[in-house]
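K.L.:
Please model the entire structure based on the sequences and the hints provided.
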Amino acid sequence: MSEQELIDKARTGDARAIRALYDRHAPRVFAVVRRFAGDDALAEDWAQEAWIQAIRALPDFRGTAQFTTWLHRIAINAALQGRRWRERRVRHEEPLPPALPGPTTGERTVLRLRLERALQQLPAGMRQVLILHDVEGYTHEEIAEALGVSPGTSKSQLFKARAKMRELLAPAAQAVNGEGVCRI
Amino acid sequence: MSHLDLETLARLIDEPATAAEAAHLEACAECRSELDALRDDIAALKELPDLLPPPPRAWPALEARLRAEGLIREPARVHAGGARFRLAASVALLILGGISGFALRGWIGASPAAPMATVVPGAAASTPATADEAERALREAEAAYLAALARYAEFAPASRTSDPVARLAALEDILFTTREALNAAPADPIINGYHLSALAQREATVRQIALTPGDRWY
Chain B
0 MSEQELIDKA
10 RTGDARAIRA
20 LYDRHAPRVF
30 AVVRRFAGDD
40 ALAEDWAQEA
50 WIQAIRALPD
60 FRGTAQFTTW
70 LHRIAINAAL
80 QGRRWRERRV
90 RHEEPLPPAL
100 PGPTTGERTV
110 LRLRLERALQ
120 QLPAGMRQVL
130 ILHDVEGYTH
140 EEIAEALGVS
150 PGTSKSQLFK
160 ARAKMRELLA
170 PAAQAVNGEG
180 VCRI
Chain Z
0 MSHLDLETLA
10 RLIDEPATAA
20 EAAHLEACAE
30 CRSELDALRD
40 DIAALKELPD
50 LLPPPPRAWP
60 ALEARLRAEG
70 LIREPARVHA
80 GGARFRLAAS
90 VALLILGGIS
100 GFALRGWIGA
110 SPAAPMATVV
120 PGAAASTPAT
130 ADEAERALRE
140 AEAAYLAALA
150 RYAEFAPASR
160 TSDPVARLAA
170 LEDILFTTRE
180 ALNAAPADPI
190 INGYHLSALA
200 QREATVRQIA
210 LTPGDRWY
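Going line by line, the protein sequences match chains B and Z. So that you can map any letter, position 29 of the first sequence is 28 in numbering that gives the first Met the number 0, and since no number is skipped, the others follow by simple counting. So that you can map any letter, position 148 of the second sequence is 147 in numbering that gives the first Met the number 0, and since no number is skipped, the others follow by simple counting.
Do not rely on the hints blindly, as some may be mistaken.
What the hints assert, rightly or not - The calculated PhoX-like cross-link candidates involving lysine-lysine, where the alpha carbons are at most 25 Å apart (straight line), are: (1) B/K159 to Z/K45; (2) B/K8 to Z/K45; (3) Z/K45 to B/K163.
Unchecked claim - Negatives, chain B to chain Z, calculated, CB over 12 Å: (4) G62; (5) A143; (6) S149; (7) L168.
Keep in mind the hints are simulated off the structure, nothing from the lab. In this text, a Cβ means the ideal position worked out from N, Cα and C, and glycines have one as well.
P.N.:
As structure tokens, then:
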């Protein structure tokens, strides 16, 4: 069954079609929200919220964008909304979830894990902007609108986030940062 | 001469350098190198995998909510595969555990008086004397084990890997179990071995699913 047929059936509440759409796209939705959430439990909540919003909004999906793009956007919005609710509730930065211990193999896997861990160690505000800009490709204007800040703040947060991430990825970089002296 | 700070370098990923910054970069190999490293980091961020299977329990929870909100009208389908997946997960965990334990015993179980035969070339030639050496030995053993496992998977009969989604579900169950175990014993090398083995296999399976041509990725 084509995706359009699935969407048409899912609009009517067809359980099989909704399940089929979920099976196709759940890994992408979960990956998006997981990156914002920093831990699996929160990501599950936000992914569920994204799916609820998506199924609710399916009757309004006109097909002018690809379903994947549309759903991706909903997932990001659900993650941003989840983050706002959480911050409102907690009112302070919670300790970061501990990174999974132990090494892994394969250079690409190691690099991915290091990147994911570095992302998780960034303060929430920096992380949001970095993901939105450098992973998701949002412009500063779009980020500003989504987060309710100015484009200048978005830029400033992005540069701080990149610098912080670089420090986390390469502790040796701290030697270069600041008032070091060139050895040239 | 002062180096450009990291935030400035981070800005130069997107924006042109001022004359002074450009002059500094021209003269300073360290800052150029740091800027290149930053560019590499950002490029790697864009290539982070965008598929990450949610845990198996996510669908039942979502389905219940969709039904509660009236967004699904048909009765729930019974998925007979659940028990089979759980059984497969249990079996896979045992197999993974057995193989991991075998690979790791080269240094974990060896007594100083009678060192074990080397399972991994070069990894257990001598008993680790420090935590760092032990960790290095573990990494090497794990790398060799996973390489051997991947090689084995290449030769495994096609029927064993013909249903990657079932395999993924089983691996998810394993990861759920090992993650819980790691919460209780984060430094346990055996549990880490299980977890990392399953994690690597899950990644490989996700890649396999993602690369499957056709309309149905599963």
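K.L.:
Beyond 12 Å from every chain Z Cβ: check whether that's true for B/G62.
P.N.:
holds, 17 Å
K.L.:
For the pair supplied as a hint, B/K8 and Z/K45, confirm whether the alpha-carbon distance does not exceed 25 Å.
P.N.:
It is violated: about 34 Å lies between the C-alpha atoms, which goes past 25 Å.
K.L.:
Going by Cβ atoms, does B/A143 stay more than 12 Å from chain Z at every point?
P.N.:
Answer for B/A143: holds, closest chain Z Cβ roughly 15 Å.
K.L.:
Measure nothing beyond the straight line between the CA atoms of Z/K45 and B/K163; if it is 25 Å or shorter, mark the hint as holding.
P.N.:
holds, 17 Å
K.L.:
At 12 Å, judged by beta carbons, does B/S149 keep clear of chain Z as stated?
P.N.:
holds, 16 Å
K.L.:
Is B/K159 within 25 Å of Z/K45, Cα to Cα?
P.N.:
Distance of about 18 Å is within 25 Å: holds.
K.L.:
Confirm or reject the statement that B/L168 sits farther than 12 Å, beta carbon to beta carbon, from all of chain Z.
P.N.:
Label violated. Min Cβ-Cβ 6 Å, cutoff 12 Å.
Comparing the model with each earlier hint shows violations of hints 2 and 7; every other hint is respected.
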